[in-house]
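Trainee: Note that my numbering numbers the sequence shown so that position 63 is 112, with each residue one more than the last.
None of these hints come from the bench; they were simulated from the model. No residue lacks a Cβ here, since even glycine has one placed at the ideal position from N, Cα and C. Hints should not be assumed to be uniformly reliable.
In silico lysine-lysine, DSS-like type, Cα no more than 25 angstroms apart, as pairs [as the list claims (entries may be wrong)]: (1) K79 - K124; (2) K57 - K124; (3) K79 - K64; (4) K57 - K149; (5) K177 - K149; (6) K124 - K153; (7) K177 - K79; (8) K87 - K66; (9) K124 - K142; (10) K59 - K126; (11) K66 - K142; (12) K153 - K64; (13) K79 - K126; (14) K75 - K59; (15) K87 - K57; (16) K57 - K153; (17) K59 - K79; (18) K149 - K79; (19) K59 - K124; (20) K87 - K149; (21) K64 - K149; (22) K57 - K126; (23) K126 - K87; (24) K124 - K177.
Beta-carbon label-pair distances, calculated as ranges [said to hold, decoys possible]: (25) K79 - K177: 35 to 45 angstroms; (26) T118 - K79: 40 to 50 angstroms; (27) D174 - D54: 31 to 41 angstroms; (28) P103 - K126: 34 to 44 angstroms; (29) D92 - I175: 35 to 45 angstroms; (30) K66 - R140: 33 to 43 angstroms; (31) A65 - F116: 14 to 24 angstroms.
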Amino acid sequence: MAVNDECKLKFLELKAKRNFRFIIFKIDEKIQQVTVEKLGQPDESYDDFTASLPANECRYAVFDFDFVTDENCQKSKIFFISWSPDTSRVRSKMLYASSKDRFKRELDGIQVELQATDPSEMSLDIVKGRAL
50 MAVNDECKLK FLELKAKRNF RFIIFKIDEK IQQVTVEKLG QPDESYDDFT ASLPANECRY
110 AVFDFDFVTD ENCQKSKIFF ISWSPDTSRV RSKMLYASSK DRFKRELDGI QVELQATDPS
170 EMSLDIVKGR AL
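With these hints in hand, go ahead and build the complete structure from the sequences.
Mentor: Structure, rendered in C-alpha cells:
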C-alpha cells in the first residue's frame with residue numbers, strides 16, 4: 050500500500066506549524082494508496098472531528114489534542130486513530146488493519162495510538178485519559 054506524499058506533508062504541517070487540528074486519511078482502493086480526505090482547521094473541536102468520520106467506513110486519522118495536566122501545564126499530544134466501525138465491509142476492515150503499521154511508520158511524531166470500532170471507544174474522556 051503506497052502513501053501519497055500529501056499525507057506526510059500535511060502531517061508535518063499539523064505537527065510543526067499546527068496548521069490543522071486533525072487530518073482524516075482514506076485508502077483509495079482504485080489506486081492502492083492512502084490519501085488525505087479531510088483537514089480540520091485549528092479552531093475545530095474534537096466533536097467536529099468525530100462527526101467527520103463516516104459511520105460505516107474505515108479511516109485513519111490524526112488528532113492534535115490540547116489538554117492541561119494536573120500540574121496546570123498546557124500540553125498537546127498527537128493521536129493516531131484507527132477507525133474501523135463494526136458496520137464497515139469486512140474487506141475494508143482487513144485492508145485497513147493490514148496497512149496500518151506501515152502507514153503509521155510514515156508519520157513520525159505520533160504519541161498515542163487509539164483503535165475504535167464505535168464512537169464510545171474514542172470518547173473525549175478516553176482520549177483525555179490516554180493523554181495524561
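Trainee: Compare the structure with the hints numbered earlier in the document and write down the numbers of the violated ones, lowest to highest.
Mentor: Violated hints (numbers, rising): 1, 3, 7, 9, 11, 13, 28, 29; every other hint is consistent with the structure.
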